[in-house]
Each structure stands twice: as structure tokens, then as C-alpha cells.
Amino acid sequence: MKELADDLFILDGFPPYAINAYVIGDVLIDSRSRHAARSILRQLEGAPISAHALTHAHGDHQGASHEICEKLGVPFWCGERDVPAAEDGRIGNRMPDHPVGKFFVWSFAGPGHPVARHLHEGDEVGGFQVLDVPGHSIGHIAFWRESDRALICGDVFTNINVLTGLPGLHEPKSYLTPDPARNRESMRRLADLEPDLVCFGHGRPLSDPAKLRAFTDKLGAR
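Numbering-wise, this note's numbering comes out as the position in the sequence shown, counting from 1, plus 43.
Keep in mind that the hints were calculated from the coordinates and are not lab data. Here the structure is a predicted model, which means the values were calculated and not measured. Among these hints, one or two may not hold up.
Computed cross-link-like contacts, DSSO-like style, restricted to lysine-lysine with a CA-CA straight-line distance of at most 30 Å [unchecked claim]:
| # | residue 1 | residue 2 |
| --- | --- | --- |
| 1 | Lys45 | Lys216 |
| 2 | Lys216 | Lys145 |
| 3 | Lys114 | Lys45 |
Derived Cβ-Cβ restraints for the label pairs, each shown as a range [what the hints assert, rightly or not]:
| # | residue 1 | residue 2 | range |
| --- | --- | --- | --- |
| 4 | Asp69 | Gly165 | 18 to 28 Å |
| 5 | Leu84 | Ala159 | 12 to 22 Å |
| 6 | Asp140 | Lys254 | 26 to 36 Å |
Even glycine gets a Cβ: it sits at the ideal position worked out from N, Cα and C.
Using the sequences and the hints, build the whole thing.
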């Protein structure tokens, strides 16, 4: 794991930064695909993990969640409106009907797992505050720490093109996003925080609040 800020770590993945998972305090955030459990568990060995939380219940973020929670014996948490998808594992039923989206679900999604804690706006997780930022999923949440202006935004933004692997800010693909207009509202909300460190579900961390704001303005999300 690599430390990005106090009590905020990013786990190694392959390819690097393609699909990210984080540790904040003693909480694992996201679990990548169902193929990632062994890598994640190896990196967490010896770490005092007490819970596992999702930014959102899509297959490339919950794929290994069931196996990780079972093997570590920790509770599973996610945003309240994503609880049904996280528990029943039928991710594709909540996404647009598009062949690329179906491929992503088939490739990455793992089995569901019982959710022990439904997360809401203002809850505290690993020293971060939960923010409701729906659009990319109905119950998408972000994690915000005002003391150092660190943000884990999930897929409200990406900092890589998820198809080509080329770096750069993007909004999530419309065929993976049930409500793109609502996601743009969430983009505006997060850009207005002026975070000094943005940690994405896909792509390298960004330390440039002006760049995030300019990108959001260019899209007409303001």
C-alpha cells in the first residue's frame, strides 16, 4: 500500500491505477473486481481492518467484497440506496441496457453480501465524512475529510479513460451511469469543495482543485 495522506492509503493494482481500492483509518474502501481478492488480502495482511465500505455497488468496486468480508470477518457497509444491489449481486439490473455495460458486469461483478450498515450523508467512516453523490449509481457516496481537504470520489469523476487507459479527467461513461444529469450535479458539488487531494475509482490521484473545477465548468455541470 502507498500512503497518500495521513491514514489514507491506496492499494497496488494491475494495471496500476486502473481500478482503485483504498484504506482510510481501519476501513477498506472498495474491492475492485472479483479477481482481486487475493491481491487485496495479501496487502492487508497485518493491517487492523475493522470494516469494508463501498463508494457504489458496481462490479468493479464490489467484485471481491464477499470474499474479503468472509475471510477477514468484517462487516460490509454501503450507501443506503445501493444496499439492494450490494446484497443480491444483480448489478446489471440497475445499469443501462448496453452491451459494454453488460460486459463490465460479466467481467468484474462478484456475489452479493449482507450489508451491516447503511451509510447516509454525514456519517463518519475512517475519519472521513460520507457525502451522498448519486448519479453513477443510485446510492453512490463519497468520503470527504475537511481537515486536509482529502476526497475519495469513487466514479463521480474518473482520471483515466476506462476503455483506452489514457490518463485525464472524464465523467463516467453514460452506458455505465443510470442518471448522467444527476451525476453532473454531484460533480459540481464535489468540485465546489475544492479538494486538495482527489482519489478516484479509476486513475491516479489529483492534487489540483482548479483543474477539477475547470473540467466541471467545461462540461456545463455548473
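Verification of the supplied hints:
no., hint, result
1, Lys45 - Lys216, "holds (28 Å)"
2, Lys216 - Lys145, "holds (13 Å)"
3, Lys114 - Lys45, "holds (23 Å)"
4, Asp69 - Gly165: 18 to 28 Å, "holds (20 Å)"
5, Leu84 - Ala159: 12 to 22 Å, "holds (19 Å)"
6, Asp140 - Lys254: 26 to 36 Å, "holds (34 Å)"
Violation of the numbered hints given earlier is absent; every hint is satisfied by the structure.
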